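Student: From just these sequences and the hints, can you work out the full model?
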Amino acid sequence: MNRLAMTLPGLELKNPIMPASGCFGFGKEYGNLYDLSQLGAIMIKATTEETRYGNPTPRVAETSSGMLNAIGLQNPGLQGVLNNELPWLEKFDVPIIANVAGSETADYVEVAKQISKAPNVHALELNISCPNVKCGGILFGTDPEIAKELTAAVKAVSSVPVYVKLSPNVTDIKAMALAVEAGGADGITMINTLVGMRLDERTGKPVIANKTGGLSGPAIKPVAIRMVYEVSQVVTIPIIGMGGVTCVQDVVDFMSAGASAVAVGTANFVDPFVCPTIIEQLPARLDELGIDHISELVGRSHRI
Amino acid sequence: MNRLAMTLPGLELKNPIMPASGCFGFGKEYGNLYDLSQLGAIMIKATTEETRYGNPTPRVAETSSGMLNAIGLQNPGLQGVLNNELPWLEKFDVPIIANVAGSETADYVEVAKQISKAPNVHALELNISCPNVKCGGILFGTDPEIAKELTAAVKAVSSVPVYVKLSPNVTDIKAMALAVEAGGADGITMINTLVGMRLDERTGKPVIANKTGGLSGPAIKPVAIRMVYEVSQVVTIPIIGMGGVTCVQDVVDFMSAGASAVAVGTANFVDPFVCPTIIEQLPARLDELGIDHISELVGRSHRI
Amino acid sequence: MIIQDLMIVASQQEIAKNIFEMKLTGKLVGEITSPGQFVHIRVSDSFEPLLRRPISIAEISPEKNEMTIIYRAEGRGTSLLSEKREGDVVNVLGPLGNGFPVEETSAGQTAVLIGGGIGVPPLYELSKQLTANGVNCIHILGFESDQVVFYEEEFAALGETYIATVDGSNGTQGFVTNVMSEISDDFETFYSCGPMPMLDAVQKAYVHKKGFLSFEQRMGCGIGACFACVCHTNENATDQAYVKVCSDGPVFPAGVVQI
Amino acid sequence: MIIQDLMIVASQQEIAKNIFEMKLTGKLVGEITSPGQFVHIRVSDSFEPLLRRPISIAEISPEKNEMTIIYRAEGRGTSLLSEKREGDVVNVLGPLGNGFPVEETSAGQTAVLIGGGIGVPPLYELSKQLTANGVNCIHILGFESDQVVFYEEEFAALGETYIATVDGSNGTQGFVTNVMSEISDDFETFYSCGPMPMLDAVQKAYVHKKGFLSFEQRMGCGIGACFACVCHTNENATDQAYVKVCSDGPVFPAGVVQI
Ligand SMILES: Cc1cc2nc3c(=O)[nH]c(=O)nc-3n(C[C@H](O)[C@H](O)[C@H](O)COP(=O)(O)OP(=O)(O)OC[C@H]3O[C@@H](n4cnc5c(N)ncnc54)[C@H](O)[C@@H]3O)c2cc1C
Ligand SMILES: Cc1cc2nc3c(=O)[nH]c(=O)nc-3n(C[C@H](O)[C@H](O)[C@H](O)COP(=O)(O)OP(=O)(O)OC[C@H]3O[C@@H](n4cnc5c(N)ncnc54)[C@H](O)[C@@H]3O)c2cc1C
Ligand SMILES: Cc1cc2nc3c(=O)[nH]c(=O)nc-3n(C[C@H](O)[C@H](O)[C@H](O)COP(=O)(O)O)c2cc1C
Ligand SMILES: Cc1cc2nc3c(=O)[nH]c(=O)nc-3n(C[C@H](O)[C@H](O)[C@H](O)COP(=O)(O)O)c2cc1C
Ligand code: FES
Ligand code: FES
Chain F
1 MNRLAMTLPG
11 LELKNPIMPA
21 SGCFGFGKEY
31 GNLYDLSQLG
41 AIMIKATTEE
51 TRYGNPTPRV
61 AETSSGMLNA
71 IGLQNPGLQG
81 VLNNELPWLE
91 KFDVPIIANV
101 AGSETADYVE
111 VAKQISKAPN
121 VHALELNISC
131 PNVKCGGILF
141 GTDPEIAKEL
151 TAAVKAVSSV
161 PVYVKLSPNV
171 TDIKAMALAV
181 EAGGADGITM
191 INTLVGMRLD
201 ERTGKPVIAN
211 KTGGLSGPAI
221 KPVAIRMVYE
231 VSQVVTIPII
241 GMGGVTCVQD
251 VVDFMSAGAS
261 AVAVGTANFV
271 DPFVCPTIIE
281 QLPARLDELG
291 IDHISELVGR
301 SHRI
Chain P
305 MNRLAMTLPG
315 LELKNPIMPA
325 SGCFGFGKEY
335 GNLYDLSQLG
345 AIMIKATTEE
355 TRYGNPTPRV
365 AETSSGMLNA
375 IGLQNPGLQG
385 VLNNELPWLE
395 KFDVPIIANV
405 AGSETADYVE
415 VAKQISKAPN
425 VHALELNISC
435 PNVKCGGILF
445 GTDPEIAKEL
455 TAAVKAVSSV
465 PVYVKLSPNV
475 TDIKAMALAV
485 EAGGADGITM
495 INTLVGMRLD
505 ERTGKPVIAN
515 KTGGLSGPAI
525 KPVAIRMVYE
535 VSQVVTIPII
545 GMGGVTCVQD
555 VVDFMSAGAS
565 AVAVGTANFV
575 DPFVCPTIIE
585 QLPARLDELG
595 IDHISELVGR
605 SHRI
Chain D
609 MIIQDLMIVA
619 SQQEIAKNIF
629 EMKLTGKLVG
639 EITSPGQFVH
649 IRVSDSFEPL
659 LRRPISIAEI
669 SPEKNEMTII
679 YRAEGRGTSL
689 LSEKREGDVV
699 NVLGPLGNGF
709 PVEETSAGQT
719 AVLIGGGIGV
729 PPLYELSKQL
739 TANGVNCIHI
749 LGFESDQVVF
759 YEEEFAALGE
769 TYIATVDGSN
779 GTQGFVTNVM
789 SEISDDFETF
799 YSCGPMPMLD
809 AVQKAYVHKK
819 GFLSFEQRMG
829 CGIGACFACV
839 CHTNENATDQ
849 AYVKVCSDGP
859 VFPAGVVQI
Chain H
868 MIIQDLMIVA
878 SQQEIAKNIF
888 EMKLTGKLVG
898 EITSPGQFVH
908 IRVSDSFEPL
918 LRRPISIAEI
928 SPEKNEMTII
938 YRAEGRGTSL
948 LSEKREGDVV
958 NVLGPLGNGF
968 PVEETSAGQT
978 AVLIGGGIGV
988 PPLYELSKQL
998 TANGVNCIHI
1008 LGFESDQVVF
1018 YEEEFAALGE
1028 TYIATVDGSN
1038 GTQGFVTNVM
1048 SEISDDFETF
1058 YSCGPMPMLD
1068 AVQKAYVHKK
1078 GFLSFEQRMG
1088 CGIGACFACV
1098 CHTNENATDQ
1108 AYVKVCSDGP
1118 VFPAGVVQI
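Residue numbers (the numbering used here), protein chains in the order written: chain F, 1 to 304; chain P, 305 to 608; chain D, 609 to 867; chain H, 868 to 1126.
It should be emphasised that the hints constitute simulated quantities derived from the structure, not laboratory data.
The list that follows gives simulated cross-link-like pairs (lysine to aspartate or glutamate, EDC-like), each with its CA atoms no further than 20 Å apart:
| id | chain 1 | residue 1 | chain 2 | residue 2 |
| --- | --- | --- | --- | --- |
| 1 | D | K692 | H | D955 |
| 2 | F | K174 | P | D447 |
| 3 | P | K509 | F | E288 |
| 4 | P | K459 | P | E485 |
| 5 | D | K692 | H | E950 |
| 6 | H | K1076 | H | E970 |
| 7 | D | K692 | H | D912 |
| 8 | F | K205 | P | D596 |
| 9 | P | K478 | F | D143 |
| 10 | D | K625 | F | E288 |
| 11 | P | K509 | F | D292 |
| 12 | H | K951 | D | D653 |
| 13 | P | K478 | F | D172 |
| 14 | P | K332 | D | D856 |
| 15 | F | K174 | P | D476 |
| 16 | H | K951 | D | D696 |
| 17 | D | K692 | D | E622 |
Predicted, not measured: the structure shown is a model, and the values here were computed from it.
Tutor: Structure representation (structure tokens):
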């Protein structure tokens, strides 16, 4: 028995640890550092229909126990990803979750339809929550009805299960979760970044060229845990949790809150080996907690 | 000329620095440590009509660069505050901002009416945003229409200007700000805490008895700065900014974002002398920035 | 008076497994008024970890402006504290709270001091002051195992001392209550500090005696302003009556606080 | 190969006002392939401050497994780094990026090395390697004032060295461009590192020469995965063409990057 294995829609995970979208590119750079087959899965950088350059620089700024980013969905476009990025990843024994983005429903549908056919793409992650794209994107992530319709439209064309990534910048995260579940989502990934800003100490102007950026890192973990805790009690589809994970205890916390798997974002920049390190340390932590299989952790915060 | 003086509705501030509500009790404890007349103002702990014990303990938990609290509006009740707390503060030359809370409109109105008559209460701060009270409270803070009506009802009875304290746990902070402005608010104070949770590392259960708590401290500063930046561009009433202030640069940042004064919350627990220290250091920082009067900072992030 | 003092580490020593004894010098020591008071320590210059850590004062040497604290390096705050070296500066707020009333036991009388784990430290200064006053002190100290027993000899030098360990690796096997049931109850007062279940058991066992218990709660400010550390009292049935552990306590007469 | 190495501080010294020279030993040194590569340093064991800091490699001594970095202690990250002492461990990721192409200048030819402020350090190892190859190096180094000038003698030992300071307190008053306009342009290549406006001026002044510029950008990962550090290139008009400073650079041939 593999005590770390988890099964989620479309995903047979050796372990529940995967790098989060946008924090791991398309895997190449980290693939030079370690064997990517160790990972439970890989969430690749958002893919849009056309090539995107993204926002002007500076695109990142540091904050207390966190960072802001406004990359702006830079990516080589659907064809670039299909032709140059995904094939390279085929040599690893690891399922890919393709992060799909766009400005309107038609874009999402087109990308979803085609990318879901790639042999190593086992699931889609609908990025309806990126705070750094101006047109459209933000609406999808904050209006339950629109999110539901988009989910349904993508589900209709996707060859693989569809996870929807929720934005924390909403009044009622449960309503958003229930809406995408009703739209047919097979799972939820959460949370994306909180919208934040840092000002230059001297000039008082925003440090990031895009002005606002997405806050990630340990600073947001309490918000993420709370949201996973709330959402996991109202939906029946599984959750991949994220937001500030840096160590094995954070993984235990997210799974206790109700996540069935956990993604690691910003921490990859601090320690490029963070994912394999966590995976290596998980069994010992389960022993300390007296737990046989990692699935026993899921939702224990609210189980009686 | 006092280069730190700021004038806001109801408030002649020697300097724009004041302790935030709930982080300074009713002033007595800090009054034993330093002369409270140094402060620009004092925001006292939330007052409700009746005496409240608040939530069970544990009520606080630490997080990365932040903390969670779920005090639950413990306070001696309106009569207790009027009879025992406010009179003690009269010996200091400092305007008091009374934080008013309740479960329904009638409670708010009653407290506002009476407490606004106290001689040293120069303004009210309507706490429509406390995330730790179950009944009612949370609704006021997230629905623009209800917030507007509450503001209008309190304005109708208050003898002093009314500031409304906004919750960051909303999809559209600008809509909330515009609503309370339309309801007649004289100013806005922001932000209250983000809703978060911490789990016990071993048991996986919430550390805080109330389960969720309000996240405060440096971790939330980027969210607060972003919201002040956004709101100050759509309202004409002044903003008292807060969220993670620990040092003189944070004050510069909040005023640059668009705040006319700044409140210090959690940092009082870390350094009880933080407010007088910041006040003392402000003139030198203005010199370094080449700024004559502190009001020149206000909104420079978005001024051309 | 409460002051914020930049104290100097005079020494730091691991005296049992993960248990550190730290001696600090500074003018704060001159403000301490009773054993059982505590200090609130900033473990880092940065805001991470954010909150101060409450630690009891274990011994004072006013003539040297020196105090001792004894703490378990457990979470990230106390671990950082344990990395401080002789000569380092530590930001300490204190003295805080109201300690044990030494005057409640008179010369010639007997007092029983019952401590559990990291509740033991404040009893040391208490015992020193009581014995200096001519009080006969009996110490009952409970620990997990012999590995984490500390100050056994120091207490023994002041009076009769019994150790209880959960695994029996030192002294009586079991809890302080196992020792308590074996000693004579020919004493006037008891003083206790330790985990809640222990305080509860002690209070129940000695319900007819005059006693004082020191409580722990999660803290924010440590000075009475934030209402983080409240406990219900047994005063009335409305559930409205409370005390703050940081400023009203941490020591309360037995029976006052709802356990 | 890029590795994450726990390097040991061999020495740390303030060599000018707020400018620190740190020598680090570890096997990472064996992986360095060219001058102008940089390392990404974790300044704290905690996650506050969160991000690594990119710092150029200023000198290498492969035989000692030692490298030198020179940095200005400015913000909270570099200030923490400046508190490290001999024997401390520093978590270093590297070597990163592509450095200056030494082979682009042949023995007997002349190269002009132009550095500004904290852009000066990588030029030192570059000059050492060039001169070792028989290249004649001319150094033009710009600083704010004499207080922050460093390595003047070290550069002078390798070749002709001109200093420019904004306030004129050392060398020519003004910028590196003031020196550039005075020296002969009888040279084959130029190499430059410093602030954007300086790189821009250098590139414009030497538009007909073969040159290499090292760029700075805010970074996330430092290895090419996060797209934080991109710059537009002059390649086409669609604005889609870009390079990543961390993994494609930081050194690019003059003219490639849009300034
Ligand atoms: C009045 C008082 C006196 C104390 N005296 C001592 C003493 O002399 N020696 C000693 O070893 N310990 C003592 N403690 C307990 C000590 O405060 C905690 O062990 C310590 O705060 C844990 O911090 P950490 O960094 O190890 O843990 P973390 O897990 O990092 O702590 C996280 C947060 O929880 C709080 N916390 C965790 N455990 C406790 C606890 N048991 N009580 C209160 N807050 C807690 C911390 O202060 C911090 O805010 C005392 C507690 C109180 C209230
Ligand atoms: C390839 C490269 C090589 C460098 N080599 C050197 C060197 O040899 N010596 C030296 O003193 N400095 C060098 N720098 C600049 C150095 O990285 C910054 O001065 C440093 O990161 C500032 O960190 P801080 O903690 O002082 O400032 P903070 O204000 O705390 O920094 C906040 C954030 O902004 C980033 N940041 C701030 N300034 C810069 C900058 N100029 N470039 C990139 N990121 C920045 C920090 O890395 C951090 O993420 C180099 C930069 C790059 C990109
Ligand atoms: C630099 C950066 C780029 C990101 N890009 C994407 C993206 O393309 N698509 C997406 O869904 N999320 C993106 N995210 C969000 C992360 O996937 C993750 O949801 C968030 O950062 C919270 O996790 P963390 O705190 O572990 O970083 C990005 C985050 C960062 C820091
Ligand atoms: C322990 C605690 C108690 C608080 N109580 C109140 C309160 O009674 N009323 C209120 O409006 N805000 C209350 N707040 C919120 C603060 O006033 C402030 O808005 C928030 O903490 C953000 O600022 P900070 O990061 O500087 O703490 C409380 C915050 C804390 C930490
Ligand atoms: S800790 Fe703030 S009141 Fe006790
Ligand atoms: S810093 Fe991440 S791509 Fe360059």
